[in-house]
Amino acid sequence: MGYGKTTAIKWWSSRRTKSNQSSRFYKQQITTDSLTDFWTGFCKLFKDYPDLYEQLITLGYPGDTPKLSFCSEILTDALSKNKNNIYFMFDDIHILPSNVITSIIMFLAKNLPGNIHILLISRNQIFNEKEKMELGHLLYEISTYDLRLNKNELYDYAKLRRIKASQEELDNLAISSEGWFSIIYLNFKSYERNRKWLSSSTDIYSLINEVLLDPLGKEEREFLILIGISNEFTKEQATYLWAESGFDGDSDELLNSLSKNNAFISKTDDLYRYHHMLGQCTRHLFSRKPEEYRNKSYTRLGDWYMEHEDYIPAYYAYATAENFEKILYCIERDRAKSLNAEHAQDFFSWIGNCPEEILLNYPNALTTGMIKMFAFNNSAELRRLKSLLLKSLEINKSLSREEKNNLLGYAEISESFTAFNNISAMSEYHRRACNLLGRTTYSADTHDSWTFGSPSVLMLYHRSVGFADKENEEMTECLPYYYQVSDGHGSGAEYLFDAELHYERGEFIDADISNRKAMSAAKTKNQFSVMLAIEFLNMRFELLYGNFGNIERILKSMRELLRRENQYVLLNAMDICQMFISAELEHPENTSNWLSEGRLSDTLITFPALP
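Count along the sequence shown starting at 1, add 361, and that's the number in our numbering.
Read the hints as simulated data drawn from the structure, not as lab findings.
Beta carbons: idealized from backbone N, C-alpha and C, even for Gly.
Among the hints, a few may not be true.
[Claimed, not checked] Derived Cβ-Cβ restraints for the label pairs, each shown as a range:
{"hint": "1", "residue 1": "S710", "residue 2": "I756", "range": "20 to 30 angstroms"}
{"hint": "2", "residue 1": "E958", "residue 2": "G475", "range": "26 to 36 angstroms"}
{"hint": "3", "residue 1": "A604", "residue 2": "E529", "range": "43 to 53 angstroms"}
Construct all of the structure, not just a fragment, from the sequences and the given hints.
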């Protein structure tokens, strides 16, 4: 911390670019320990490559080997045309959980082309001794010792800064600072200002405050403290935050002046960032501001993010301000699509801590919250939100009858999942939704996996011994009601249930006919999860007939389809298909590691399809 790691890499990359202009540098500053934030930031590096960006953002954080392999293939295919050196730089990598990020870095280091290099900047050791041995010649390390300034380097730095101090003073500084660049920089700033050296016993944060903050005018100081609530910011964002500060100073002038005279503020492209130590100081000072001012500032920060549809930081800014109205409004705008399993506990907390009288004013957020509660396997809270919705609609005087019916219809769809795999019970909700809704529901997204990642519809919905025929009839009778309100989400599933049932009974001609009907219906609505389950049945047919080459062809073509259509969420379902075939052929070595090791927590398959 404070040894000049970032500055050294910035200097090196600048010189590297000048000597070889064809080299490409992609830098990401890690600011939170969220793997979702990390992945979103990584994807944004490729904003000039829209197809690559879309592929990576759809793939999601590659937390397992299959997704890592796809990630490697995607990057290799997109960047292989560039034969020049490409550098990915990750600053402050130590903020991320080391037990997950190191495995990803190691995989990519071993599998990406040789012209792609990864630079990691960390306050702590990144790899353990075993990992260093595995990486071998692929790993090059620059340690703290390499970054410390020795006496001669300190003399040279003093000369560059035109510090007219005696050799004895510089020698004492070299000893007291132990070559720590930030301490030397702050001492030189102090010496330039008042010809005094800083106390060696004072901690670094106090020194930053003494040298960089105390000498500023009130307006500059307040600007620096306020803007520091954001991990990184643009000039426009700083202007937006400063506009309601109560000061008249020009934001652009303040930012230009402060960044030019402060090495602890860096700029990459259009983004400004505080060095971690400066950020710690300004946030400590901000925490001492009146609560009303703090909440107002964080709310305004959330407004900035929401206006730019950057919903995750918006949620957390509003949560810091404890502004529940804004959180609920953000849920309505985003429809909670930005929230994933990593955010589940925070989502529960926001909804759980929100006063009931506020929840009642946001019926759209309640219906959105219901489907999210199902996705996060919290049925009790889903039912609570349903009761609040009914109460909300009863007291609401501004919504029309049609709007209220639509909200009730959305709620029926969401609540139907609490009766999952009881076909008739689910259909009762869907039929009520059909009577209420004047449009398709947003409680069901046609792009989502209808099978929850299962490669078999029969295994999902067959629930009682001796009742398969009744269940088959129910699927045929009930699913059209769901298709009506969901724009065909899951199309073909009723035919597939019938096909799998015929297959299990050895009625292969009838099974094949129903399976073909299922494929035709699924293709009309691009229902890839159903199409995968159909192809899994086709693989079982080929296994039965001994056409092993056709099985490989189906597996390959299905993987290619999923990749082409960015359906990475179904990759683990393909692994299950592969596992089944491998087990039947007595080749368990072809099974994916996450399955053979029983690591169900690593899977993209959601809980209704998990054992």
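In ascending order, which of the hints set out earlier in this document are inconsistent with the structure?
-> none
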